[in-house]
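Knowing the structure of chain A, use the given hints to seat chain B on it.
Chain order of the listed sequences is A and B. 222 is the number that the working numbering gives to position 222 of the first sequence; each next residue is one higher, with no gaps. Each position in the second sequence, counted from 1, maps to that position plus 504 in the working numbering.
A hint or two may mislead.
[To be verified] Subject to a maximum C-alpha distance of 25 Å in a straight line, what follows is the list of computed DSS-like cross-link-like pairs (lysine-lysine):
| hint | chain 1 | residue 1 | chain 2 | residue 2 |
| --- | --- | --- | --- | --- |
| 1 | B | Lys568 | A | Lys221 |
| 2 | B | Lys568 | A | Lys240 |
| 3 | B | Lys677 | A | Lys226 |
| 4 | A | Lys21 | A | Lys56 |
Source of the hints: derived by calculation from the structure; they are not laboratory data. Treat the numbers as computed from the prediction; the structure is a model and nothing was measured.
For reference, the chains in residue letters:
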Amino acid sequence: MSQQQVNELIKKGMRAAKRGKNETAVSLFSQALAKDPTNEMGWLWLARTVEDPAKKQDALNYVLRLNPDNQWARDELQKMGDVSSSSETTTGASTLQDQTSELELQAINCPNCLSSLPLRAGEATLTIGCEYCGSTVDLTKQYPAIVGNTSPKIRPSQPIELGDTATFNGVRYQVIGWFKVKGFDDEDAWFWEEWLLASETGTFKWLSYYHADGFSLQTKKPITEKINPKQARSLNIDGKKYPFTERARARIVALRGELTWQAQVGDRFEYAEGKRGSHRYGLEYGESYIEQYTGTHIPTLELWKAFNKPEIVQKLEAKAESNRTWNYSAAIFAVFYVIAVLVGNILSAGEGDVMVNQQVAVIPNQPRQQVGPFEIDDTRRPYRVSMQVQGVPLNQTADLAVQIVDDRENVYALKRANSSVTGPSIGSPRDNYYFNTDNTGNHYAIVTLQDQSTQMPTLSVNLNVTKGGLSGFWLGLFRTVCVLLAIVCLAVGQMDRLNKQLAS
Amino acid sequence: MQQFSCPACSAPLMIENRFVKMITCEFCGQVSFLTDKGLDPTGKTAKLVQLPSRFYVGAIGTLKGREFSTLGRLRYQYDSGYWDEWFLTFDGEQPGWLVEDEGTYVLYRKTKLTGEITPYDQVRVGATVNIGGKQVFVTEKGRSQIAGGEGQLAFTVIPGEQVYYLDGTTEGKLISVEYHPNEIEVSIGSPIDYQEIIIDEDDF
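Same shape as in the complex, but just chain A (with noise of 0.2 Å):
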């Protein structure tokens, strides 16, 4: 084995103990010290790393005698001869596992209730909430600070605590702060919440919750653009633009847990946003920096998946499925009720067989004509009357009315019995109407221009009687059916919904 890779061997069991894999570099180590008992590198490293208190004084002492000089090593010597009877050592390796398993463990008392509040993000926690008194407290200064507090009645909104941990892209992430802002502008205000996610590997995300939008995950991006972040109307990422919608003031009212730099309630800034799909971005700016951030909306069921929390999943589900089956028995409801009152229609006065077809002249001296006799022989079927008016002058209004009438001169309303008709009608779309008679027999239909007073041409009117497909018995029987069949699919659906939100 060379020197180049001895010397490799120890670089690799140097890199083994920054990620607190000691027994991995000890290992290394004495590999490399086997090849090269004269390395004082190897020596001081494997002295640093190993758990055995005889071990690291052997090693100790190789590199004494190696190096007199090394003070380090004399230092190290002479703690050990202060702890002996202890089997405790503080290496300097296990003392950089300690600190990144410590990220967790690491904690102050609040200056104000003295409970313990984690420190999960160590030393980058700049400002932490107190969870149980609302204490905000600063940790920049030589002692931890109050410099605020958030009323214990302000609580995040939504079942995301600190401590909890989520996984976004493959990435674990755990919450480790919250706050809540007003967003106010002349007009209106309003408020919403961010956590503060933190990976294991130093990446920090913003977890934001607006009611009207849900959730979105935004990172802090840098400028790579001159902006004006008051006057901008859009944000350029990767060449394209994203517009604004919205730009305001903005105020912290509440805050809980850690916050990676000095905050406290009543801090304000401006910020600028917007939306674009799925995609969210904004400025946020105040007297001495612009931060972009860009991120995208997760939806609800997506966002606690990835915090695992089963229950609230498994009711989002349950919601989303019930939900499913109401739309699909609303939807069979519309189809039936739209066959009710369409096919209905067509299938009672649509198809029938023509009783008569007549063009009759209409002037205002002569304002009432008839059309028929037509022959009923049915009186459960419906009957549709279709009319066209011809001849009315340009910007003028013909009122017309059509009546039927048997031959005992019974009157028969009609569902809709006038028309109005604005000129110039060269022919105006056929209206139609339907009736139901008492009596079989001769028939009449009777049209009557209704104002008389106006200057009003002949008129060309065009009156067709046709008899309808169904009889009203098997119309009235479809209809009926047809609803409700509806109103069982409703009444199903609705059915469904609650029995899976109560088993939910």
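Showing chain B alone in chain A's frame:
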């Protein structure tokens, strides 16, 4: 690679790059400046708490496909928190500083200031300033303090030293300016995506 002994504890120190001007002893914490005459001891640096990070001194890997090794780290403290700068060397390329701030990464490389620069007092966030003839849009300004360092670094810094800085952007690049008492340093940077950094995981 040059080998020295720590002036304080005599532990061996390996200087791995010709750009290195300062080294921190991993054993006793002594900070030494590299001079023509050897190592000049200056004082001790505060031991840095290991904030969660993918990087560590000694880490090797690839950044945008280029192999790098991590020689040192410098931590700055400012009003809004901390940020770490990792001193990276690349084979056959100018070394760079990878700035890690809340999980975002920017690789800066020092550049020569070839013209005038707007004095710090006249810099305003949101305004455009002249930096060596380039019009730079200022996104942040402030005062920071060197909280500490570890490993090997390319310049001589003294923990506790205050630095006025501005961050800005021009022509799609990021600009960082540090106003030291005796020097103004300008660096040009590019944002690096998380996925563009691969740290080699040794098969321990």
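Right, here's what the structure says about each hint:
no., hint, in the structure
1, Lys568(B) x Lys221(A), "holds, 18 Å"
2, Lys568(B) x Lys240(A), "holds, 23 Å"
3, Lys677(B) x Lys226(A), "holds, 11 Å"
4, Lys21(A) x Lys56(A), "holds, 17 Å"
In summary, this structure violates none of the numbered hints.
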